[in-house]
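Asks: Sequences listed follow chains A and Z, in order.
Using the working numbering, you'd call the opening residue of the first sequence number 1 and step up by one each time.
Using the working numbering, you'd call the opening residue of the second sequence number 1001 and step up by one each time.
The reader is advised that the hints may include incorrect statements.
[Said to hold, decoys possible] Straight-line alpha carbon distances no greater than 25 Å define the calculated DSS-like cross-link-like pairs of lysine-lysine that follow:
no.	chain 1	residue 1	chain 2	residue 2
1	A	Lys137	A	Lys9
2	Z	Lys1131	A	Lys228
3	Z	Lys1030	A	Lys141
4	A	Lys228	A	Lys141
5	Z	Lys1131	A	Lys2
6	A	Lys141	A	Lys9
7	A	Lys228	A	Lys137
8	A	Lys228	Z	Lys1137
9	A	Lys2	Z	Lys1137
[What the hints assert, rightly or not] Pulled from the structure, derived: some chain Z residues nowhere near chain A, Cβ distances all over 10 Å:
no.	residue
10	Glu1004
11	Ser1008
12	Gln1071
13	Gln1123
14	Gly1136
15	Arg1146
These aren't lab readings, by the way, just hints derived from the structure by calculation.
Beta carbons: idealized from backbone N, C-alpha and C, even for Gly.
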Amino acid sequence: MKSFHLSDKPGRNAFLRLVPAPAVTEPPRAARSGRAIAQRRFVIAGDHNTHDALTTKFGADYGQALIDDNPEVDLAITGSPLGETLSVYLTANGELCVSAPRIVEVVTGPDGAERERRDPIDIAGNIDLTEPIHLSKLRFKRADAVRRFVFARALVVSHMDGLTFEFLRGLAQELDAADELVMVGAGSSGREPLVMQQNGVPWRGFLEGRVDGDRHSLILRLSNMELKMPEVTDAK
Amino acid sequence: MSRELIFSWNGQCAIFDFRRIERRQLYGSKRRIAVDERGTPCTRASMTLDGNTVLRPGMTAQGWFTDEGEQVETSDVIAVGTDGQPLPMHPSTLGVAQPLTETVEPSAVLDLAVEAVLALAPQSLPDGLRKALQDGKVFRFTYCYRPEAVPPTAFLMGNAEGFFALVGRPTACQWMSREQAAQDVDGGTEDDLDFEMV
């Protein structure tokens, strides 16, 4: 549960909590025979059985070698279950990096072409700082918002005590009655994107309120994409 | 098999070509990569905890196994309901007319956990349906790319940019009451709105 510092007007702010919206669950899987099953990671090839290794040994057309000797299978390790592993990096020559590699940030344009390589800049999370998240003046009717933005994530704003319950309920009631979402932003201007944690994805945040009798729901909806056509298409 | 989305609406037929769109196609992207001392990109791999085996890309896979360690072919894996009984498979809806009978409130779209955004190009679109979409109507339909036990929900909509479908899974609203805080579950001006910043 994340801490969330929200202000709805100058001088009125509260530290709250954000909880994930209920997760979508997939139906469980079973074998057609009815037996219980689980997904596992396992080894399918050793160092000498990869496409590159086989190409080096037998040439590009190694189909007959597969038929004759099964060189793609190493009976010592193929099929072995894999537990926890460590992440490592390999050099372009396929050797293990023995010192930490340098990290660079690659910026690509909408056409997929590389625009820039630069040293990465760490971005701090900004949703629970001394400077609260502010409500902006930008409001959108629900019907317009759903046709303008793609909302990729939702978090429910939860109260900490009776006072913050009243604070959130009032906000939810006002937004629900107006049938609107209000955009929220970080920084003193209240216009910077929301970053949930260090180097996290920057999001545009929108608050939606719903009221049902004594209950309410104030939902922080996150979007990083407008609903519009790309000028360049590089994928079907 | 036809790859179009076909809808039946008031006895008329609408046909759309479609393609998936992603954020990077609109705004570009930033990604971090590891490079060696010469600036050549490194490849990410795995190493077993005993340090004996380096697993390069292409050397591992995921599969389904019984408790006894016997592998089950993907074609023999089925979805089951809470009673353990197999769920019927819903066939692919591509190229098969889906009825557009239900318009939805915006809250239904907001409650969708979006998995894919599709850009639609109309091949044929009845004037009445075009007007309904341009007026802001949103239609629910079933979208099933490949046979699935529980097909996703999709919404057909339009805006000034064109026609789109959002594909995903419906979620339930989580309510707050005075007595109980939520339990953690698993599970300027308009012109200033700048998505390049995010």
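Asks: Between the alpha carbons of Lys1030/Z and Lys141/A, is the straight-line distance 25 Å or under?
Replies: 32 Å, violated
Asks: Is Lys228/A close enough to Lys1137/Z, meaning Cα to Cα at most 25 Å?
Replies: 17 Å, holds
Asks: Grab the minimum beta-carbon distance between Gly1136/Z and chain A and tell me whether it stays above 10 Å.
Replies: 5 Å, violated
Asks: Would you check the hint for Lys2/A and Lys1137/Z, treating anything up to 25 Å between C-alpha atoms as holding?
Replies: 36 Å, violated
Asks: Would the least Cβ to Cβ distance between Ser1008/Z and chain A come out above 10 Å?
Replies: The claim holds: Ser1008/Z sits with its nearest Cβ about 23 Å from chain A, beyond 10 Å.
Asks: Measuring Cβ to Cβ, find out whether Arg1146/Z lies farther than 10 Å from everything in chain A.
Replies: Non-interface label on Arg1146/Z holds, nearest chain A Cβ at 15 Å vs cutoff 10 Å.
Asks: Check whether the Cα positions of Lys137/A and Lys9/A lie no farther apart than 25 Å.
Replies: 11 Å, holds
Asks: Looking at Gln1071/Z again, its CB stays over 10 Å from all of chain A?
Replies: 8 Å, violated
Asks: Hey, is Glu1004/Z genuinely clear of chain A, shortest beta carbon separation above 10 Å?
Replies: Check passes; 13 Å lies beyond 10 Å.
Asks: Can the restraint linking Lys228/A and Lys137/A be considered satisfied, given a maximum Cα separation of 25 Å?
Replies: Distance ~23 Å between Lys228/A and Lys137/A Cα, so the pair holds.
Asks: Does Lys141/A pair with Lys9/A here, judged by a C-alpha cut-off of 25 Å?
Replies: 21 Å, holds
Asks: Between Lys228/A and Lys141/A, is the straight-line Cα distance small enough, at 25 Å or below?
Replies: 18 Å, holds
Consistency note: the structure conflicts with the earlier hints numbered 3, 5, 9, 12 and 14.
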